[in-house]
Structures are given as C-alpha cells and as structure tokens.
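*Asks:* Per the working numbering, the sequence shown starts with residue -17, numbered consecutively.
Source of the hints: derived by calculation from the structure; they are not laboratory data.
Glycine included, C-beta positions come from ideal geometry on N, C-alpha and C.
Heads up, some of the hints might be wrong.
[To be verified] Simulated restraints on C-beta separations:
#1 102 <-> 54: 25 to 33 Å
#2 45 <-> -5: 32 to 40 Å
#3 15 <-> 72: 17 to 25 Å
#4 19 <-> 73: 17 to 25 Å
#5 45 <-> 2: 34 to 42 Å
#6 16 <-> 75: 20 to 28 Å
[To be verified] Each computed BS3-like pair below joins lysine-lysine, with the alpha-carbon atoms no more than 27 Å apart:
#7 79 <-> 36
#8 106 <-> 36
#9 86 <-> 69
#10 30 <-> 69
#11 18 <-> -10
#12 9 <-> 106
#13 79 <-> -10
#14 86 <-> 9
#15 9 <-> 68
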Amino acid sequence: MKNQQSDKILYKELSYQIVGALFDAFKSLGSNYQEKYCQRAVEIFLIKRKIPFKREVPVKIAIDNNLIGRHFLDFLISDSVILELKKGNKDNMSDVKQVLMYLKTTGLKLGILAYFGSNGVTYKRIINSDSRHSQMNS
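All chains should be modelled from the sequences, with the hints used to inform the complete structure.
*Replies:* If you want it as structure tokens, here you go:
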C-alpha cells in the first residue's frame, strides 16, 4: 500500500533526480569552489541524467505592465522547478525569501534551494502556496 503523504509530494520523481544531480556534483567537485563552478558542475550532472533545464533564465519584474527590473534564475528545470544554488553551510532566511519571490513572480509551484558547504549538500524544497499565475512572465 502506498503512503498517501508520498503521493502528494510535488514533482516527486523530478525532485529526486535533481537532488541526485546535486549530490553527484558535490562528490565530484567538493566544497572549495565558488558558486559559479558549483553551478557548472550541477549542469554537467543534469545533462548526464537527461533532465531538461535552462540556465540564468531572465524573469521580468513589472508593475502595471511597466518593466522595473529582472531576476535571473540559476536553473529552470523542466519548465516547472526553480533550482537556486548557494555556497555555505547554513540555511539563510533571505535565500528562502528570494526563492519564494521567484516562485510568486513566475507562478511556479516548487523551488529547490541547495547549499554547497563543507559538510556536503543540503537542500530545502520551497512550495509556492500562492501559484495563481499560470505562466512565467519572461
């Protein structure tokens, strides 16, 4: 009998594959490199796992259809999951707020915030409970 809770996990298999790519990248690279190199390593393992993604995806910030700026997502996975990478060991609330802002701006439902630190990879799944918008406005 399946666990009802596990049936409700958003993008369960895709999340599992993304996290696997994160751990593969960390095992290959370690923790002594800058964030941009961690991103490049993750990219290699997303490709190896045949997970479709886009890098540095621009997302408009607009008020009343007036463009006031842009965000750049580290990764957009399968047009449905935002992946943000950070260096360090600690879970920072400002990073969580950043991912939530990205989710609300794009209307996507799931973000994964991953830290590459001296103790390994840690990650947090962040759910957008306000996903009224159906498409990214990029």
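*Asks:* Does each hint hold? Answer for all of them.
*Replies:* Now the hints, each set against the structure:
{"no.": "1", "hint": "102 <-> 54: 25 to 33 Å", "verdict": "holds, 26 Å"}
{"no.": "2", "hint": "45 <-> -5: 32 to 40 Å", "verdict": "holds, 37 Å"}
{"no.": "3", "hint": "15 <-> 72: 17 to 25 Å", "verdict": "holds, 18 Å"}
{"no.": "4", "hint": "19 <-> 73: 17 to 25 Å", "verdict": "holds, 22 Å"}
{"no.": "5", "hint": "45 <-> 2: 34 to 42 Å", "verdict": "holds, 39 Å"}
{"no.": "6", "hint": "16 <-> 75: 20 to 28 Å", "verdict": "holds, 23 Å"}
{"no.": "7", "hint": "79 <-> 36", "verdict": "holds, 22 Å"}
{"no.": "8", "hint": "106 <-> 36", "verdict": "holds, 20 Å"}
{"no.": "9", "hint": "86 <-> 69", "verdict": "holds, 24 Å"}
{"no.": "10", "hint": "30 <-> 69", "verdict": "holds, 23 Å"}
{"no.": "11", "hint": "18 <-> -10", "verdict": "violated, 33 Å"}
{"no.": "12", "hint": "9 <-> 106", "verdict": "holds, 19 Å"}
{"no.": "13", "hint": "79 <-> -10", "verdict": "holds, 24 Å"}
{"no.": "14", "hint": "86 <-> 9", "verdict": "violated, 32 Å"}
{"no.": "15", "hint": "9 <-> 68", "verdict": "holds, 16 Å"}
Checked against the numbered hints given earlier, the structure breaks hints 11, 14 and satisfies all the rest.
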